[in-house]
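Q: Sequence:
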Amino acid sequence: MQTKRFMSAAVAAALAWTSMGHAAWDGADDLPTNPLPCDGGGGSVAAKPYDGGTPSGAANMAGKKISLVDVPKLIGIGYFNATALGMQQAAEELGNVDVVTDGPTEANIDDQITFIDNFITQGVDGILFAANDPVAIAPVLKKALGQGIHVVGYDANSQPDAREWFVNQAEFNGIAKSMVDAMAAEIGDDGKFAIVTSTFTTPNQARWIAEMEAYLAKCHPGMEWLETVEAQEDNVLSFNQATTLINKYGDDLDGLFGMTSVATPASAEAVTQAGECGDIAVVGLATPNAMKPYVKTDCVRSVVLWNPVDLGYAAVYVTRAVVDGDLKPGGTSVDAGRLGTLQVINGSEILLGAPYVFDKSNIDGFDF
1 MQTKRFMSAA VAAALAWTSM GHAAWDGADD LPTNPLPCDG GGGSVAAKPY DGGTPSGAAN
61 MAGKKISLVD VPKLIGIGYF NATALGMQQA AEELGNVDVV TDGPTEANID DQITFIDNFI
121 TQGVDGILFA ANDPVAIAPV LKKALGQGIH VVGYDANSQP DAREWFVNQA EFNGIAKSMV
181 DAMAAEIGDD GKFAIVTSTF TTPNQARWIA EMEAYLAKCH PGMEWLETVE AQEDNVLSFN
241 QATTLINKYG DDLDGLFGMT SVATPASAEA VTQAGECGDI AVVGLATPNA MKPYVKTDCV
301 RSVVLWNPVD LGYAAVYVTR AVVDGDLKPG GTSVDAGRLG TLQVINGSEI LLGAPYVFDK
361 SNIDGFDF
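Residue numbers for the sequence shown follow full-length UniProt numbering, so the first one is 1 and each next one is one higher.
Just so you know, not all the hints are guaranteed correct.
[As the list claims (entries may be wrong)] Here are the simulated EDC-like cross-link-like pairs (lysine to aspartate or glutamate), alpha carbons at most 16 Å apart as the crow flies: (1) 48 with 161; (2) 64 with 111; (3) 292 with 227.
[Stated by the list, open to error] Cβ-Cβ distance ranges computed for the label pairs, FRET-style: (4) 289 with 51: 35 to 41 Å; (5) 274 with 95: 47 to 53 Å; (6) 331 with 106: 33 to 39 Å; (7) 365 with 329: 35 to 41 Å; (8) 148 with 49: 22 to 28 Å; (9) 365 with 222: 33 to 39 Å; (10) 335 with 236: 40 to 46 Å; (11) 98 with 298: 34 to 40 Å; (12) 298 with 338: 29 to 35 Å; (13) 244 with 324: 31 to 37 Å; (14) 324 with 354: 37 to 43 Å; (15) 249 with 340: 44 to 50 Å.
The set of hints was computed from the structure by calculation and includes no laboratory data. All C-beta atoms, glycine included, are put in the ideal place defined by N, C-alpha and C.
Modelling step: build the complete structure from the supplied sequences, incorporating the hints.
A: What follows is the structure in C-alpha cells.
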C-alpha cells in the first residue's frame, strides 16, 4: 500500500479507515471537511465574511450592455455545452448581456490560462470560468481583476481572492453524502469500490472526494476504498482506466464512482462491455442524456448531479447583479431570474441548490 499523503480534518477517523485497507490518493488541499449527519439530516455552514477579490477601477456599467466571456475547463462536451446554453438563456432574458463561450478542447490549465489572458488583452467587462486548477489559474484571474474586469467562477473554484464570487452547484458535503449513500444502497456497508476522477488537483472533484472520505469514515466505515485513478476529461482514457480497475480487482470490486460527466458514462460502458452489470455498481456525476442508455438497461441505478443549464444561467445573473451593484461584499442573497433567490454561503459563494438524483423513474424528464 502506498503512503497516504492527503489527510482530511477527520484525522483520527481517516487514520483508522486507512488501516482497514484504504489505498492512497493525492488530495489537492488540506481544507477541513464537514460530513453531514448519517441519518439524512441537514448540516450547517458557519457564516464567514466576504473573502472574494475586488476589481480595480471597474467602469460603472450599471444597467448598460456588458460583454462576458466564458472559459470553462474545456469545450465540446455535453456538460459545458449545457452550462453555455444556460448562459445564453440568461443573456437573452436580461437583454443587456452578451456572452461568448470559448476555451481549450482538453482540460489543460495552461491552455485555459492562455485563453483568459487573450480575453483580458481584447478587453471584456467580465470573465466567467470553471477552473482546471485553483492555484495555477489565480494569477491570470487576479490580472483581470487588476484591470477592472469582473470575475465570477462556477463549477470549479479558484482561490477566493482571485475572483469575486463563485456559483457553487451544490455544497461539497451534500454531493459526497448523495454519492456515498447511493453506493452503499447498492453494494452494502462492506462493499469495495474505486474512483475514476479527472485529476487529483481538479478543485471540485478533490473537494468531493475529501468530503466522501470524511462521510465514509463517519457513516459507512466498513466500506473499503481500493484505489483512485486519474483519467483527465477524456472518454477513452476514462473507459480504459475503469476497465483496468475491473480487471485488476476482479470479484473484489463491487462499485465504481465516476467523478466527472465523462468518467461516469465511460465507467458504465466499461462495466457493460465487461459483462458486469448487476455485479459492479456505477454511481457518479453525469448528465442525464449520457446516462439514459445505462439507466434503462439497469446497469446504472442512480446518477447524481444538478442542472448544469441552471448553473450557467445563475452565473450570468450573478455577474449582472455584481455589475449593477445589487450584489456586494457582505450580501446574503441574489436574485437569479427563474431560479428565484439564491443564498450566499462561505463568504463569497452562491449556492445553486441541493444535488439531484436521476434514476429510471425520472431521467426521461430531462434533456441535457
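Q: Indicate, hint by hint, whether the structure satisfies it.
A: Outcome of the hint check:
A threshold of 16 Å between alpha carbons decides the hint, and for residue 48 with residue 161 the separation of about 14 Å falls inside it, so the pair holds. Only pairs whose Cα atoms come within 16 Å are accepted, and residue 64 paired with residue 111 is rejected, the gap being roughly 31 Å. A threshold of 16 Å between alpha carbons decides the hint, and for residue 292 with residue 227 the separation of about 27 Å lies outside it, so the pair is violated. Between residue 289 and residue 51 the CB atoms are about 36 Å apart, so this pair conforms to the stated range of 35 to 41 Å.
Remark: the range hint 47 to 53 Å for residue 274 to residue 95 is upheld by a beta-carbon distance near 51 Å. Taking 33 to 39 Å as the suggested C-beta distance range, the pair residue 331 and residue 106 conforms, at roughly 36 Å. Against the hinted window of 35 to 41 Å, the Cβ-Cβ separation of residue 365 and residue 329 comes to about 39 Å, which satisfies the hint. Between residue 148 and residue 49 the CB atoms are about 23 Å apart, so this pair conforms to the stated range of 22 to 28 Å.
About 35 Å separates the C-beta atoms of residue 365 and residue 222, a value consistent with the hinted range of 33 to 39 Å. With their beta carbons about 43 Å apart, residue 335 and residue 236 fall inside the hinted range of 40 to 46 Å. Between residue 98 and residue 298 the CB atoms are about 45 Å apart, so this pair departs from the stated range of 34 to 40 Å. The hint said 29 to 35 Å for the Cβ distance between residue 298 and residue 338, and at roughly 34 Å that hint holds.
Taking 31 to 37 Å as the suggested C-beta distance range, the pair residue 244 and residue 324 does not conform, at roughly 51 Å. Between residue 324 and residue 354 the beta carbons are some 28 Å apart, a value that contradicts the proposed interval 37 to 43 Å. About 45 Å separates the C-beta atoms of residue 249 and residue 340, a value consistent with the hinted range of 44 to 50 Å.
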